[in-house]
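Please model the entire structure based on the sequences and the hints provided.
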Amino acid sequence: MAKISLDYYRQQNVVHLAKDLLGKYLFTRIDGQLTSGMIVETEAYNGRTDAACHAHAYKRTARTSIMYEAGGLAYVYLCYGIHHLFNIVTNQEEYADAVLIRAVEPVDGLDIMLARRGKSKPDNRLTAGPGSLSKALGINRSFYGESLDGNTIWLEDRNIRFSKGEIVETTRIGVDYAGDDAFLPWRFYVKDNPYISKK
DNA sequence: CTAACGATTCGCT
DNA sequence: GCGAATCGTTAGT
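If you're matching positions, the first sequence starts at 0 in numbering that gives the first Met the number 0 and goes up one per residue.
None of these hints come from the bench; they were simulated from the model. Please note that the accuracy of each hint is not assured.
[To be verified] In silico PhoX-like cross-links for lysine-lysine, where the CA-CA straight-line distance does not exceed 20 Å:
1. K2 x K23
2. K197 x K18
3. K190 x K18
4. K163 x K18
5. K2 x K18
6. K120 x K134
7. K134 x K23
8. K23 x K163
9. K190 x K23
[Unchecked claim] Listed next, with one range per pair, are the computed distances between beta-carbon atoms:
10. A50 x E93: 18 to 24 Å
11. S146 x N12: 20 to 26 Å
12. Y176 x A61: 17 to 23 Å
13. S119 x H82: 18 to 24 Å
14. T169 x G31: 37 to 43 Å
15. K118 x L5: 32 to 38 Å
16. S141 x S162: 34 to 40 Å
17. Q32 x E168: 32 to 38 Å
18. K120 x L5: 34 to 40 Å
19. T169 x S141: 29 to 35 Å
20. H53 x N123: 24 to 30 Å
21. A50 x D30: 36 to 42 Å
22. A114 x L77: 20 to 26 Å
23. G178 x N123: 29 to 35 Å
Note that the Cβ used here is the ideal one computed from N, Cα and C, for glycine as well.
In structure tokens:
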């Protein structure tokens with residue numbers, strides 16, 4: 000077992016961590032049903048400096064409070080009243096940083112993921128996009144605050160490493176409200192991977 | 001208590 | 001390419 004330990008998530012540079020998470024495997028086990036995917040797209044959010052982060056400038060609310068905990072917890076919230084978006088809380092206590100997982104490449108439990116997504120055949124949209132991958136992996140708001148060191152949701156390092164040329168760094172999606180911070184190159188994805196959320 | 005609004009997705013044109 | 005779907009969170013009355 001190559002489960003990633005909590006120390007990993009407590010690194011202080013959330014942008015570096017978002018890039019490093021590419022190639023890691025995300026697992027869920029719900030009622031004995033195992034599903035997983037390899038992370039191929041992420042975005043970094045920095046609580047102290049970044050206007051796009053829900054916890055921007057020490058804004059502590061009921062929803063964002065989990066981001067102020069030490070790294071290694073799940074931050075899941077409902078977006079547009081429809082989609083559950085899965086983030087990993089990072090950095091030390093009081094540093095409200097998080098990485099949004101935007102896309103994975105399906106690995107284990109393909110039939111389970113198809114059923115959850117209401118699809119009969121696999122396609123490139125099965126786990127592409129933050130709402131889609133959460134649905135495929137069965138992640139919902141009940142995962143809010145769940146430790147990534149447990150047996151329900153966790154990450155594994157299977158020694159997949161991407162070279163600099165295989166990783167694209169660009170601006171984040173859907174954060175126009177953040178002013179200048181919308182232009183930060185804090186979105187990372189694996190070049191040419193068919194499961195990234197947008198071209 | 002009320003109202004506005006999303007770190008999106010899917011289907012239809 | 002465009003617009004509807006849909007509801008918890010948030011801030012303001």
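Going through the hints against the structure:
Restraint check: the Cα-Cα separation between K2 and K23 comes to about 10 Å, which is no more than 20 Å; the hinted pair holds. Distance hint between K197 and K18 is fulfilled; the C-alpha atoms sit about 17 Å from each other, no more than 20 Å. The hinted pair formed by K190 and K18 meets the criterion: a straight-line CA distance of about 13 Å does not exceed 20 Å. Taken as a hint, the K163 and K18 pair is honoured in the structure, with Cα atoms around 10 Å apart against an allowance of 20 Å.
Note on K2 and K18: the hinted pairing holds, with a Cα-Cα distance of about 18 Å set against a maximum of 20 Å. For the given pair, K120 sits about 16 Å from K134 by alpha-carbon distance, which is consistent with the 20 Å threshold. Restraint check for K134 and K23: satisfied, since their Cα atoms lie roughly 19 Å apart, inside the 20 Å limit. A hinted pair counts as satisfied when its Cα atoms are at most 20 Å apart, and K23 with K163 qualifies at roughly 16 Å.
Between K190 and K23 the alpha-carbon distance is near 15 Å, which keeps this suggested pair within the 20 Å criterion. At about 19 Å, the beta-carbon gap between A50 and E93 stays in the expected band of 18 to 24 Å. In this structure, S146 and N12 meet the distance hint of 20 to 26 Å, their C-beta atoms being roughly 22 Å apart. Roughly 20 Å separates the CB atoms of Y176 and A61, a value that falls within the hinted 17 to 23 Å.
Taking 18 to 24 Å as the suggested C-beta distance range, the pair S119 and H82 conforms, at roughly 22 Å. At about 39 Å, the beta-carbon gap between T169 and G31 stays in the expected band of 37 to 43 Å. One distance hint, 32 to 38 Å for the beta-carbon pair K118 and L5, holds here, with the actual separation near 34 Å. At about 38 Å, the CB distance of S141 to S162 agrees with the hint of 34 to 40 Å.
Separated by about 35 Å at the C-beta atoms, Q32 and E168 satisfy the suggested range of 32 to 38 Å. In this structure the supplied range 34 to 40 Å holds for K120 paired with L5, their Cβ-Cβ distance being about 38 Å. Restraint check, T169 to S141: a C-beta distance of roughly 32 Å satisfies the suggested window 29 to 35 Å. H53 and N123 have their C-beta atoms about 29 Å apart, which keeps the hinted 24 to 30 Å range intact.
Checking the proposed 36 to 42 Å range against A50 and D30 shows it holds: the Cβ atoms sit about 40 Å from each other. Checked against the hint of 20 to 26 Å, the C-beta distance between A114 and L77 comes to roughly 22 Å, which is consistent with it. Checked against the hint of 29 to 35 Å, the pair G178 and N123 passes, with Cβ atoms roughly 33 Å apart.
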